[in-house]
Amino acid sequence: DTGVSQNPRHKITKRGQNVTFRCDPISEHNRLYWYRQTLGQGPEFLTYFQNEAQLEKSRLLSDRFSAERPKGSFSTLEIQRTEQGDSAMYLCASSLGQGKQPQHFGDGTRLSIL
Amino acid sequence: AQSVTQPDIHITVSEGASLELRCNYSYGATPYLFWYVQSPGQGLQLLLKYFSGDTLVQGIKGFEAEFKRSQSSFNLRKPSVHWSDAAEYFCAVGAWRAGNNRKLIWGLGTSLAVNP
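Here the protein sequences come in this chain order: A and B. Sequential numbering from 139 applies to the first sequence in this note's numbering. Sequential numbering from 157 applies to the second sequence in this note's numbering.
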């Protein structure tokens with residue numbers, strides 16, 4: 139069990155640029171989640187996948203955000219035309235889908251928009 | 157609506173003192189409750205969870221929590237705090253659909269400082 143891995147750990151970019159983050163879940167976990175966390179707040183749910191299917195998206199996930207999990211393993215989260223308000227920690231978690239299994243988190247990707 | 161409230165934004169305790177962090181939830185069905193800890197710049201680590209059964213659950217690092225349905229609470233406790241426990245603590249309730257893990261709804265967190 140190597141844990142949930144997220145890359146990069148930090149991303150600094152100029153406003154208007156596109157960014158992409160990657161998440162590698164724990165290998166046997168079929169569910170993968172994305173959350174966003176701003177300073178002093180708890181995480182906010184963005185979206186989750188069961189294998190390659192995206193089952194739910196939050197209203198927080200505007201049309202500039204897109205997430206994929208093409209082969210049911212790793213996932214990417216892309217933000218297009220970044221804005222100042224996108225600055226946050228983006229957290230990925232994974233879990234076994236069936237039953238009452240806890241979510242295991244990666245260390246996150248911190249995005250800073252200049 | 158489902159929600160989690162952590163009434164204390166910040167708590168300071170002395171090393172060796174006991175600790176209780178409060179968590180109240182609002183959820184229409186049987187709640188599945190979690191406590192996570194987050195150190196600065198890090199992800200979230202699961203401390204303990206409650207699904208059913210014994211309402212007093214034991215977790216890692218000497219933490220425990222008690223589920224009280226009548227009070228809609230799931231408070232986290234530790235009898236003797238160590239300096240390394242200084243971190244942000246989050247309570248969360250799991251939202252489930254058809255028995256499957258769906259998403260977590262989080263409180264705003266309690267920041268714990270430990271005085272030497």
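None of these hints come from the bench; they were simulated from the model. Hints may be right or wrong, so weigh each one.
[What the hints assert, rightly or not] Derived coverage of chain B by chain A (criterion: at least 3 residues anywhere in the stretch with Cβ under 8 Å from a Cβ of chain A; other residues may be distant):
hint: 1; region: 174-183
hint: 2; region: 258-264
[What the hints assert, rightly or not] In silico lysine-lysine, BS3-like type, Cα no more than 30 Å apart, as pairs:
hint: 3; chain 1: A; residue 1: Lys209; chain 2: A; residue 2: Lys238
hint: 4; chain 1: A; residue 1: Lys149; chain 2: A; residue 2: Lys195
hint: 5; chain 1: B; residue 1: Lys217; chain 2: A; residue 2: Lys238
hint: 6; chain 1: A; residue 1: Lys238; chain 2: A; residue 2: Lys149
hint: 7; chain 1: A; residue 1: Lys195; chain 2: A; residue 2: Lys209
hint: 8; chain 1: A; residue 1: Lys195; chain 2: A; residue 2: Lys238
hint: 9; chain 1: B; residue 1: Lys224; chain 2: B; residue 2: Lys205
hint: 10; chain 1: B; residue 1: Lys217; chain 2: B; residue 2: Lys205
hint: 11; chain 1: A; residue 1: Lys149; chain 2: B; residue 2: Lys224
hint: 12; chain 1: A; residue 1: Lys195; chain 2: A; residue 2: Lys152
hint: 13; chain 1: A; residue 1: Lys195; chain 2: B; residue 2: Lys205
hint: 14; chain 1: A; residue 1: Lys238; chain 2: B; residue 2: Lys224
Even for Gly, the Cβ is constructed at its ideal location relative to N, Cα and C.
30 Å limit on alpha-carbon distance, applied to hinted pair lysine 195(A) and lysine 209(A): Distance ~19 Å between lysine 195(A) and lysine 209(A) Cα, so the pair holds.
Straight-line alpha-carbon gap lysine 209(A) to lysine 238(A), limit 30 Å: holds (24 Å)
Agreement of lysine 238(A) and lysine 149(A) with the hint, judged by alpha carbon distance not exceeding 30 Å: Violated, at roughly 34 Å.
Pairwise hint evaluation, lysine 205(B) against lysine 224(B), where the allowed Cα distance is 30 Å at most: At roughly 14 Å apart (the allowed maximum being 30 Å), lysine 205(B) and lysine 224(B) satisfy the hint.
Given pair status - lysine 205(B), lysine 195(A), alpha carbons within 30 Å: Holds. Lysine 195(A) to lysine 205(B) sits at ~25 Å (cutoff 30 Å).
Straight-line alpha-carbon gap lysine 195(A) to lysine 152(A), limit 30 Å: holds (26 Å)
Holds or violated: lysine 217(B) to lysine 238(A), with C-alpha atoms at most 30 Å apart: Roughly 22 Å separates the two Cα atoms, so the pair holds.
Satisfaction of hint between lysine 224(B) and lysine 238(A), Cα-Cα up to 30 Å: holds (19 Å)
Agreement of lysine 149(A) and lysine 224(B) with the hint, judged by alpha carbon distance not exceeding 30 Å: Violated: lysine 149(A) and lysine 224(B) sit about 42 Å apart, past 30 Å.
Satisfaction of hint between lysine 205(B) and lysine 217(B), Cα-Cα up to 30 Å: holds (14 Å)
Chain A over the region 258-264 of chain B, status - at least 3 residues with CB closer than 8 Å: holds (count 7)
Assertion that chain A covers the region 174-183 of chain B - criterion: three or more residues, beta-carbon distance below 8 Å: violated (count 0)
When each numbered hint is compared with the structure, violations occur for hints 1, 6 and 11.
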